[in-house]
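The chain contents come next:
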Amino acid sequence: MNNSVQRQPANSHEPSHVLKAETRNLSFFYGDKAALREVNLPVHARRATALIGPSGCGKSTLLRCFNRMHDLYPGHRYQGEIRLYPDDINLLAPETDPILVRSRIGMVFQKPNPFPKSVFENVAYGLRLRGIRQTAELEARVERALRDAALWDEVKDRLKDSAYALSGGQQQRLCIARALAVEPELLLFDEPTSALDPLATASIEELLRNLKVHVTTLIVTHNLQQAARVAEFTAFMYLGELVEFGPTEVLFNAPSQKQTEDYLAGRFG
Amino acid sequence: MNNSVQRQPANSHEPSHVLKAETRNLSFFYGDKAALREVNLPVHARRATALIGPSGCGKSTLLRCFNRMHDLYPGHRYQGEIRLYPDDINLLAPETDPILVRSRIGMVFQKPNPFPKSVFENVAYGLRLRGIRQTAELEARVERALRDAALWDEVKDRLKDSAYALSGGQQQRLCIARALAVEPELLLFDEPTSALDPLATASIEELLRNLKVHVTTLIVTHNLQQAARVAEFTAFMYLGELVEFGPTEVLFNAPSQKQTEDYLAGRFG
Amino acid sequence: MTNPATIGRLGDRAAARIRWARQLERGFVLGAWALLGLLAVVFLSLFAGVLQTGWERLQPDFFLTFASRRAAQAGILAAWVGTLVVMAVTAAVALPLGVAAGVYLEEYARPGRLTTLIEVNIVNLAGVPSIVYGLLALGLFVRLLGLGASILTAGLTLGLLILPIVVVATREAIRTVPQSIREASYAVGATRWQTVWQHVLPAALPGILTGIIIGLARAIGETAPLVTIGAVTFIAFLPPAPFSPEAPFLSFDWLWAPFTALPIVTFDWTSRPNPAFRPNAAAAALVLTFLTAVMNATAVWLRYRLRRQQLW
Amino acid sequence: MPKRQRSWRNWWETGIEWLLAGAALVAVLTTLGIAAVLIGESLPFFRVVSWRSFLTDTQWTPLFAEPRFGIGVLLSGTITSSAVALAVAIPCGTWLALYLSEFATGRFRESVKPILELLAGVPTVVFGYFALYTVTPLLQKLWPALPGFNLLSAGLVMGVMIVPYVASLSEDALRAVPMSLREGAYALGATRLQAAWQVVLPAAFSGVAASYVLGVSRAIGETMIVAIAAGQQPRLTFNPLEPAATVTTYIVQVSKGDVPYGSLGYRTIFAAALVLFILTLVFNLAADWVRRRQRVQGCVL
Amino acid sequence: PAGRGFPVIRVDGSSTVYPLAEAVAEEFQRNYPGVRVTIGVSGTGGGMKKFCRGETDLATASRPIAASEREACRQAGLAYYELPIAMDAIVVVTHPGNVQVSAMTLDELRRIWAPEAQGRIRRWSQVNPAWGDRPLNLYGAGTDSGTFDYFTEVVNGKARASRGDYMASEDDNVLVQGIAGDPNALGYFGFDIYYENRDRLRPVPIARAAGQPPVTPTVETILSGAYAPLARPLFIYVNARSLERPEVADFVHFWLEHGAALADEVHCVPLPPEAYAAVRQHLANGRVGSVFTHRPAVAVSIQDLLTWPAAL
Ligand SMILES: Nc1ncnc2c1ncn2[C@@H]1O[C@H](COP(=O)(O)OP(=O)(O)OP(=O)(O)O)[C@@H](O)[C@H]1O
Ligand SMILES: Nc1ncnc2c1ncn2[C@@H]1O[C@H](COP(=O)(O)OP(=O)(O)OP(=O)(O)O)[C@@H](O)[C@H]1O
Ligand SMILES: [Mg+2]
Ligand SMILES: [Mg+2]
Ligand SMILES: O=P([O-])([O-])[O-]
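Protein chains in written order, with my numbering: chain A, 1 to 269; chain B, 1 to 269; chain C, 1 to 312; chain D, 1 to 301; chain E, 1 to 312.
Hints in this document: simulated from the structure, not taken from any laboratory.
Please note that the accuracy of each hint is not assured.
[What the hints assert, rightly or not] Beta-carbon label-pair distances, calculated as ranges:
no.	chain 1	residue 1	chain 2	residue 2	range
1	E	Ala-76	C	Ser-45	52 to 60 Å
2	D	Ala-36	C	Ala-72	44 to 52 Å
3	D	Ile-39	E	Arg-120	37 to 45 Å
4	C	Ala-48	E	Asn-31	38 to 46 Å
5	D	Leu-32	C	Ala-297	34 to 42 Å
6	C	Ser-45	B	Thr-135	47 to 55 Å
7	B	Gly-75	A	Arg-158	44 to 52 Å
8	E	Ser-224	D	Ala-36	51 to 59 Å
9	E	Pro-214	D	Trp-143	31 to 39 Å
10	D	Ile-39	B	Gly-75	55 to 63 Å
[Stated by the list, open to error] Below, simulated DSS-like cross-link-like pairs (lysine-lysine); rule was C-alpha separation at most 27 Å, straight line:
no.	chain 1	residue 1	chain 2	residue 2
11	A	Lys-111	B	Lys-160
12	B	Lys-111	B	Lys-160
13	A	Lys-160	A	Lys-111
14	A	Lys-156	A	Lys-117
15	B	Lys-117	A	Lys-111
16	B	Lys-117	B	Lys-160
17	A	Lys-156	A	Lys-33
18	A	Lys-258	A	Lys-212
19	B	Lys-212	A	Lys-33
The C-beta atom is built at its ideal place from N, Cα and C for all residues, glycine as well.
Let's have the full structure, built from the sequences with the hints guiding it.
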């Protein structure tokens, strides 16, 4: 895998042809409760964007808008748009099929959540859903996904074992492989390392840095150092609003907002 | 309430007459699994001591040893001592009645856990357990506890309402009031603000700073800034061991151990 | 226990109170033991009585002969076959309906009037006396639909009777499947039904099976609804076989066959004036109790395995 | 994915949802079916017998030449036997549930609960004869004037039969209370019993109450035990030492007997069952309402 | 439609005749394997109802067909044979220790059981001072049985006219158990029930009127007519169309041939041999219909009813 991709801190007001997605005046409501307010967030193609902010500020909520996860629960309501490029479709439009959205936008969760199936079947599941039946093709793609998730060497002899026999860090990488197998255009991570030990965390961070070669990623994290380590862009959220967005180095070293500065200094959260 | 108590960073090798408690070679086992290894932690009287460390390092386990909470579950085993001063008794001795230990050492949990009773009855519960029946005395002490917990003004007209009608931050302060009402000598906090929003967190931190006038506190937190803000002493734990202990400022600014330094720099956890 | 004085600082009142609370606690535990002992004695004497009366009749013949007016020759062949067949129909009715309803309520239903209505109905049906189900069957299946006092009628009746049990068990089993599994499935692009069918139901299966077995164990001993549909009959033959050597090979005539069942013969024999039938009744009751015990034990075992295998 | 595939998939998904909803609606249909059958069959009855006399008459002799239809007579038997049963089942069941969930070790609980569930599965016919042939003679030793058929012994045995239900279901509810609440109480110096009684039980109230409601429903609806051991004598009494008939007894007695379909006597069983149904319906609805209201108040965990 | 798809002889009706019907069916099936007989216990009225709708082949009855039932059969165009097959008697019994009560007149019985007695006649001495001043606890056959109908008609002069404050049970065993355990009990039920428990119960000899000799119920007194009016004939009604089916004809003839021996065995009182011959003759002659079209059904002798003319 190519590790030499350069970091090119991009200007947040770049023209949209390098954007992978973008929220436009996105608001979100849990029933009556507004959890997001008029969020305008650009997501740059083949870059990692980190979402930071104190607990409850709406990071997960925002992330889950991208693959219409909120559709699963009654009473949840979107307002505004999320545009996906280059097709330039609105992910939130009622006529957009959420299943299709989720087929193109992968997600990795806070706690590893493998299916109670074998390692192989976990990764193959998304492929099967897409109608892929031939064993040869399945095997090839499962292997590629596991390699991309830096898990292949550890599990290549245990593909038939239950996924629950893996360690926490391996399970999380398995979930990443599962998401990668279907070649998503955008990959969402919700605090992917917060349930893991330091070593597993390091291996996932390494993976995140490598992924950017072909995937665009959006990562929620509560670990500021992690954001600094893996993301080119960072967005700081507070109370459901996007307070500040910018290249990570700029945001961390010269935040333009007082709230961002206070938060980075640990004065709250 | 007296806000002007000065911070007097104390030397960790002070003679024990200003210690409220002290663990001596404390080890702890969940069944076969060692969660604490030979911990020697001093707890200074009328000071706040913070326990920090990555997730799973044993912070909660250590805290819960102080009020024998582990006794409730089968298979849990202590080794070593926790001495409580000035009586100089071993809290962990088999002949020490855990009910009496808990009557003297209060605890506040990560998530607010009010009882399904009214606000008043929540605070009065510990008093009733101690045989206090007179309404006048109960009312006086409930009011004092609620005032100490900075909740009185918000709930004085809602004493009869269910505790569940309060907001999360109020519930947590109610739990603190419940613990304060019985005038504990030592108060244990397990990440008391991690489930709360920034505003509620700020009010609890304020409260923590004020409490130290008459109570000794031991606080588990994952928020380093919080430790810096509220605690005179900080202990850093890692993999079940106490890596470093010292006055907060010393530990944060000039850690003596490499692990502490790495952790504080966000290199893991 | 420590003298409270050694730990000091609590005051006499608190110490006295704590001592009192401890004593109360000891009394409570002793009381619980006494209660358990009493229950054990009651049930042991119940079983001992039945066993003593019925033991001698538990010979192979008893299972292989039909009812007879001569107590010593009367057997339960028709009854146990009837019970098994009726249970099969009951399961065939309750399992799909109950699981589907449970899945609907947990995975599909949006909170609203309809959902509340269904939920209230299920809660309520769980409390409706079984004899009322018997009258429903009498009015609806026996009379209106003209199914007679047949295996089909009994199966439908008992199936409806245990439906709430299956629904509740299904819902509970589904609820133990963590949301994270569903979200994982949706996140790779599965539809709702794919998620339910491929992840939720397999994971909930042991819990669902436990529920249906417990339901059947309840149904197997039900006497009153069968009495009301008019199943108290002399039956000295088995229902026609579902398979035949000639075309069409499969036949459902047995569904319409008259039947008898273990609780019915038990009740019939116990209410006979001739005391010679008492051992028969006891023996039939033993068989019935044994079947119930086997079912419950299966359910317990399933649940135990389920808990051990619990991965999340 | 092409559009056609999507619409086919949507049809399939919708179809399944409707199918599942249909299955769920069977519960509603069953209730409606019960109501329809009971009301339909008892309407002609109430055309002959007035509601007033049905509810206020003090005699129940529907098959006599001069029939009297005072359902109160049967209800008195039902209420008395249920009261005896619940007086046994609720305290004992709660006690056991508290003990099992808060005191017993995991292994002990895991071995006792299946046994309880097994006992709950003993066919009630067996309990009936146990009441008649074992319990009543025993009670007669203590109380020689006790008649051979009486509500007391039927009620006691019914109570014993219901104990496992109440204990098992309450225990489930108690154990569902989050550990954090117990720890809150223990941290204040409560004993196990104090935490159990003052914190866990109130927190589990709705689940425990549900087990009581089920116990009540079982007691009211229990048929074979009372039919066998309580005597089948319709008699207006609240004295458990007397024999009496219950609503269920009467229904099973008539179903077993010779009343021809369509006659007034035949319809009485539907009228009686209607009363039984309304009774349990009201009871369960009330309990459900309490539960829902509590949930709205946020006390349910 | 019970037994769809395979031949069944469907019998339903009287609970009094049930033990006899069961015995006949059992023996018949032993001799004619492959023929299936079901016997329901819907009671005489219930059985007649089904019979007149053509749902059953045979109805068993503890009383003659009623006018309304004849009408129903006529409406359905259904011809039937009325075949007396045994005698039954109602026995008045007490606790075996109740020796004070040596005999009773019909009038005394009436005073005890009349509707007016309800709540008033509560002690033995109120009826006859010689019986002792002690509570009078009454037990009787279930109020929906033919036994109850017949007893009230004979004793109180009107069918179903009775006091209500007594222990009425459909479950014979419950009655036996009650009376055998209660020194102050007085009860009535069928002869077979008494006979099965004759060592636990004491029959009360009945006198038709004061001054007449009391008669103890025995097989002899019942057959001879001496025990009248508390003795009565039992019938089967056979659907004439069903009789064309060979298995039904076999069954009826089997009954007439072996009925006497079997009745003896189940403690019904068999008819004299010449009566069975007469019945067989009626069958052969195709004499359909009932003999009770214009005659009372109480206290008839078997000889009389065999000679009366029959009509549909
Ligand atoms: N299902 C829900 N229903 C109602 N409110 C919700 C729901 N989920 C989250 N919220 C609220 O929405 C707000 C945003 O929640 P969200 O989970 O997005 O925060 P977050 O930034 O991800 O926090 P954390 O760091 O704790 O994960 C919070 O106030 C939360 O309480
Ligand atoms: N009941 C238990 N049984 C077995 N192991 C346990 C139990 N509770 C905790 N542990 C283990 O003991 C270790 C210490 O856990 P502890 O909860 O004390 O960590 P912590 O420092 O409080 O972490 P966190 O910040 O996540 O709360 C962990 O490895 C944990 O997995
Ligand atoms: Mg989140
Ligand atoms: Mg912790
Ligand atoms: O069943 P019966 O003989 O009482 O009509």
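Hint by hint, here is what the structure shows:
no.: 1; hint: E:Ala-76 <-> C:Ser-45: 52 to 60 Å; verdict: 55 Å, holds
no.: 2; hint: D:Ala-36 <-> C:Ala-72: 44 to 52 Å; verdict: 47 Å, holds
no.: 3; hint: D:Ile-39 <-> E:Arg-120: 37 to 45 Å; verdict: 38 Å, holds
no.: 4; hint: C:Ala-48 <-> E:Asn-31: 38 to 46 Å; verdict: 42 Å, holds
no.: 5; hint: D:Leu-32 <-> C:Ala-297: 34 to 42 Å; verdict: 37 Å, holds
no.: 6; hint: C:Ser-45 <-> B:Thr-135: 47 to 55 Å; verdict: 51 Å, holds
no.: 7; hint: B:Gly-75 <-> A:Arg-158: 44 to 52 Å; verdict: 30 Å, violated
no.: 8; hint: E:Ser-224 <-> D:Ala-36: 51 to 59 Å; verdict: 55 Å, holds
no.: 9; hint: E:Pro-214 <-> D:Trp-143: 31 to 39 Å; verdict: 37 Å, holds
no.: 10; hint: D:Ile-39 <-> B:Gly-75: 55 to 63 Å; verdict: 59 Å, holds
no.: 11; hint: A:Lys-111 <-> B:Lys-160; verdict: 40 Å, violated
no.: 12; hint: B:Lys-111 <-> B:Lys-160; verdict: 22 Å, holds
no.: 13; hint: A:Lys-160 <-> A:Lys-111; verdict: 22 Å, holds
no.: 14; hint: A:Lys-156 <-> A:Lys-117; verdict: 16 Å, holds
no.: 15; hint: B:Lys-117 <-> A:Lys-111; verdict: 34 Å, violated
no.: 16; hint: B:Lys-117 <-> B:Lys-160; verdict: 9 Å, holds
no.: 17; hint: A:Lys-156 <-> A:Lys-33; verdict: 47 Å, violated
no.: 18; hint: A:Lys-258 <-> A:Lys-212; verdict: 31 Å, violated
no.: 19; hint: B:Lys-212 <-> A:Lys-33; verdict: 37 Å, violated
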